[in-house]
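> All residue numbers in the sequence shown are consecutive under the working numbering, ending with 1007.
Any given hint could be a false lead.
[Said to hold, decoys possible] Straight-line alpha carbon distances no greater than 30 Å define the calculated DSBU-like cross-link-like pairs of lysine-lysine that follow:
{"no.": "1", "residue 1": "44", "residue 2": "94"}
{"no.": "2", "residue 1": "244", "residue 2": "82"}
{"no.": "3", "residue 1": "563", "residue 2": "108"}
{"no.": "4", "residue 1": "801", "residue 2": "475"}
{"no.": "5", "residue 1": "94", "residue 2": "122"}
{"no.": "6", "residue 1": "245", "residue 2": "474"}
{"no.": "7", "residue 1": "108", "residue 2": "567"}
{"no.": "8", "residue 1": "447", "residue 2": "94"}
{"no.": "9", "residue 1": "689", "residue 2": "733"}
{"no.": "10", "residue 1": "381", "residue 2": "474"}
[Unchecked claim] Derived DEER-like restraints, expressed as beta-carbon distance ranges:
{"no.": "11", "residue 1": "216", "residue 2": "345", "range": "29 to 35 Å"}
{"no.": "12", "residue 1": "125", "residue 2": "178", "range": "22 to 28 Å"}
{"no.": "13", "residue 1": "443", "residue 2": "185", "range": "32 to 38 Å"}
Hints listed in this document are in silico derivations from the structure and should not be mistaken for laboratory results.
A virtual CB, placed ideally from N, CA and C, is assigned to each residue, including glycine.
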Amino acid sequence: MTDNEPNSVLVVGGGIAGIQAALDLAEVGVKVYLVEEDPSIGGKMAQLDKTFPTNDYSICILAPKMVDCYGHPNINVLTHSKVIGLEGDKGDFKVKVLRKATYIDQEKCMGRGDCIEKCPVKGVLDYWELGLSTRKAIYIPFPQAVPKTAVIDPETCLYLTQGKCGICAKVCEYDAINFDMEDEEIEFEVNSVILCPGFDECNASMKTEYGYEFFKNVVSSREFERILSTAGPYEGQLLRPSDKKAPNRIAFLQCVGSRDDKVGNTYCSSVCCMHALKAAMIAKNRLNKVEPHIFFMDVRTVGKEFEDYRIRAEQEEGVVIHRGTRVASIDEDDDENLIVHYSDGERLVEETFDLVVLSVGVCPTTSAGEISKVFGVELNKDGFCSTSVWDPLSTSRDGIYVCGTFSAPKDIPASVAEASGTASKALSTVTEREKVSILRKDYPSEKDVQGEKPRIGVFVCHCGRNIGGVVNVKKVVQATKELPDVISVSDFLYACSQDALELMKEKIEEHRLNRIVIASCSPRTHELLFQNCIREAGLNQYLLEMANIRDQCSWVHMNEKRKATAKANDLVKMAVAKVRLVEPLTTPTFPIGHSVTVIGGGLAGMTSALEIASNGYEVDLIERSDRLGGHLNRVLFKQDGKTGREAADEMISRVMSNDRVTVHLETEIEEVAGFVGNFVLNTNGGPIKAGAIIVATGAEEYQPQEYFYGEDDRVVTQLELAEMMAEKPLEAKNVVMIQCVGSRTEDNPMCSCICCTTAMNNAINVMRSNPGSNVFVFCKDIRTYGLREDLYREACELGVKFIRMPDAEMPEVKMEDGRLLVSANDFILGDEVVVNADLLVLSTGIRPREDSSKLARMLKIHLSKDGFFQEAHMKLRPVEFSTEGIYMAGLAHWPKLANESIAQGAAVASKAMTIIAKSELEGMAPVPVIDELKCRACGICQEVCAFSAVDMKEDSTGALKASVNPALCKGCGSCGAACPVGAIVLMHYTDSQLLAEACVALKEVME
């Protein structure tokens, strides 16, 4: 079969990175082929219970993206498939895909499960549950699988192995079973390729001393995720596998399969420390009696607000942390408890635990070698896809890009940002831009329900056990059936799953429903999904109301099941009372500009500008100083053959010579007006119009007030040390480095992420250039995460000495007889260490810019508690603001290394292009309507509006009246609440609708 579509991109891997890359490309009109080997998209993220540091339920935030991806008209999802051939060059690749037979017609299968119920083959180990439970020969991978269709296992199916049975085909009323289905080869052409096949868990059984696969109560970190999951084999109950009893003491062992010569993986897996902290906290919350212990080598909580998470775990949640510890071995006693042997630095210790969780590292996908061969891309020494610091999204083959864990271990936000970045790279290969058309979902004609008596359908979600484990959903269903105008009530295990959405549409059609209530989780994450669902059924998207019976009910009343059920009933009653009165609304549209303004000319800002320009759009790049490059100009150690200054010079040359980039040096922003698609930035050099804005303003180096900095020339920062070594050889005999200066303190608990890597680079350069010198590093942890672990190892091999301090302590520096004496307690040695420093180097942290709050006010965006810019969602919207059309990248978001800033710079370029590539944008329908007869033009509404959406304009008689710009309005309702004469009505939240809810809520009290 051949499928040729112009302007196409191949995305290999359907995890969160692949989904995000596909969605970004599809939103600008590019045809995407998304190829996934598993029967469902979603990847490893779909298997997680919760995500750090927000503790969101993973599948709850992922499922809407999975559904959006599968249903997007520009995305062709090929599951159960793999690429077996690729020929050609950038702009003209020919792809061959093998689509494995599932023996199920996906177009016919409705995922109802009758076939599964009747299948006689039981006891097949369930790969999704990692062998902790079993399935049948025909199965649906997991409840929220997309596509939600059955799959037949050809190795265990009786019909396919022995030619008998076939019960599934007999009971399937949709005639979806096809035992004659064969593997199929598909060929098509694409302009470029994005590789994101993910990772595999390192094999824990290689660490034989830990007894994995021999001791039943030694499990991997991923297995523990499934144990914790409310949709997992134990339905969220914290039980140990051997006897299904609740454990009292749990040990988490870090770096299993990482940072280990013996297993051949010397790198750090980046995510395991936070993963263990999260799992330990969830275990403690799930079962308060649990005593979780985590055995760390180094505590590497390096991401945004990760250190706060560690502090919370240790100081508030009762997680016991053992630092600088590697467990030697594990034995099992007669009760299948585990005896853990380790050293606390002073003595050998034995402790008994009921359950041991191995934090198993991130390994290259087992198909990495095959992928390398098929796509012609190089792998690095660790088996990951080879990239460079200065081009982290490109592979060794032109036109093939990489994102996510295929290039290195990383967490979800970094994978998502890289995915958007590769979308920008791939978009630049689409040459026939005039032929690209942005397809939209073809919704059916909207049914006219004006004047009809309300016919309300209510759909109640169990959300696995998130809701159903606390709220008696069946009782809620029964109570709801008695409410006026309610025609149909149904409950679903997961309302956001593909099959549930299809059933909702069927119910709407079957019962001629014209108002819908969804009782489930938060509208913040799921309202758009359900609005699209009812639009597909022919209803106006605003004929919907959501009752949040998870966040506002089951989660906050998890130990009060009866009260939670009563509250859920009330929340549903309120939603029904309101939805009875809602009316269809029309969404306004408005034209947009097709240029982008980037604020900040550092590494991230220049990357954004160049990416956008390479895709044919105009960019204004604003820089307040007289030179581009930012902090990169001061980075003088080499990475992948270039110093930061050399990389900056190259990028500056490219920016200044690009006809589509207008650079505004020594320019300050004075005011920002407008809205998404139509911003105006007033600067000291004049106004600049933009369809989207990128904030890449960077951050500041902490200026030390301690350790005699500024008083003694022998005390310098890491950047100053690099500058010194660039000028002349270093003569100092004893070089002492102090980590975490200005970071990880009581006043500033955040980790600055880059200091350890910078220190290791400089320490290595000192030892190489002056072999007779001594380098002493006073540290709490060394946080060279990911592939940067090689720097730490090299420093150790060169003889750099590390003095490990307790987390709450910092070294003391004294001046005695002209000598700089640095001292600290080394908890590994159990003694004080004193060093006479010829040169004292301070690893100073990164701080947010002091003027960030001013820019935040102008742009109406938010800052985090640490003063950096706050993203819309830490996991899945890491470079977006809540304010539409404004994005962030680089150090303005959080301290990060050069390759991460470049990835984010490319990511925001992609995000901005999803706006400016369109001809028009939709505004909000729930906006205020002004009753001009009542309006007195008092201006109170204008004063309280936080979004400058209200203005005073003359009406036809010349009288001033309030007027609302729907493009600026966010529907907050402040104006309506403040109006003294009731002249403002917020559509979808009218007085009558809100009072109807209140009356139902207070009915028993009033009676």
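> So, for every hint listed, does it hold in this structure?
Hint check results:
1. About 29 Å separates the Cα atoms of residue 44 and residue 94, which keeps this hinted pair within 30 Å; it holds.
2. A hinted pair counts as satisfied when its Cα atoms are at most 30 Å apart, and residue 244 with residue 82 does not qualify at roughly 38 Å.
3. At roughly 42 Å between alpha-carbon atoms, residue 563 and residue 108 are farther apart than 30 Å, so this suggested pair is violated.
4. For the hint pairing residue 801 with residue 475, the CA-to-CA distance comes to about 65 Å; that exceeds 30 Å, so the pair is violated.
5. Distance hint between residue 94 and residue 122 is unfulfilled; the C-alpha atoms sit about 42 Å from each other, more than 30 Å.
6. Between residue 245 and residue 474, the direct Cα distance comes to roughly 29 Å. Compliance with the 30 Å bound is thereby established for this hinted pair.
7. A distance of roughly 40 Å separates the Cα atoms of residue 108 and residue 567; the hinted pair therefore is violated under the 30 Å criterion.
8. Of the supplied pair hints, the one linking residue 447 and residue 94 is violated, its CA atoms being roughly 44 Å apart against a limit of 30 Å.
9. Of the pairs offered as hints, the one joining residue 689 and residue 733 is violated, with about 56 Å between alpha carbons and a cut-off of 30 Å exceeded.
10. Under the criterion of a C-alpha separation no larger than 30 Å, the hint pairing residue 381 with residue 474 is inconsistent with the structure, at around 56 Å.
11. For the pair residue 216 and residue 345, the beta carbons lie near 31 Å from each other, so the given range of 29 to 35 Å is met.
12. At about 25 Å, the beta-carbon gap between residue 125 and residue 178 stays in the expected band of 22 to 28 Å.
13. In this structure the supplied range 32 to 38 Å holds for residue 443 paired with residue 185, their Cβ-Cβ distance being about 34 Å.
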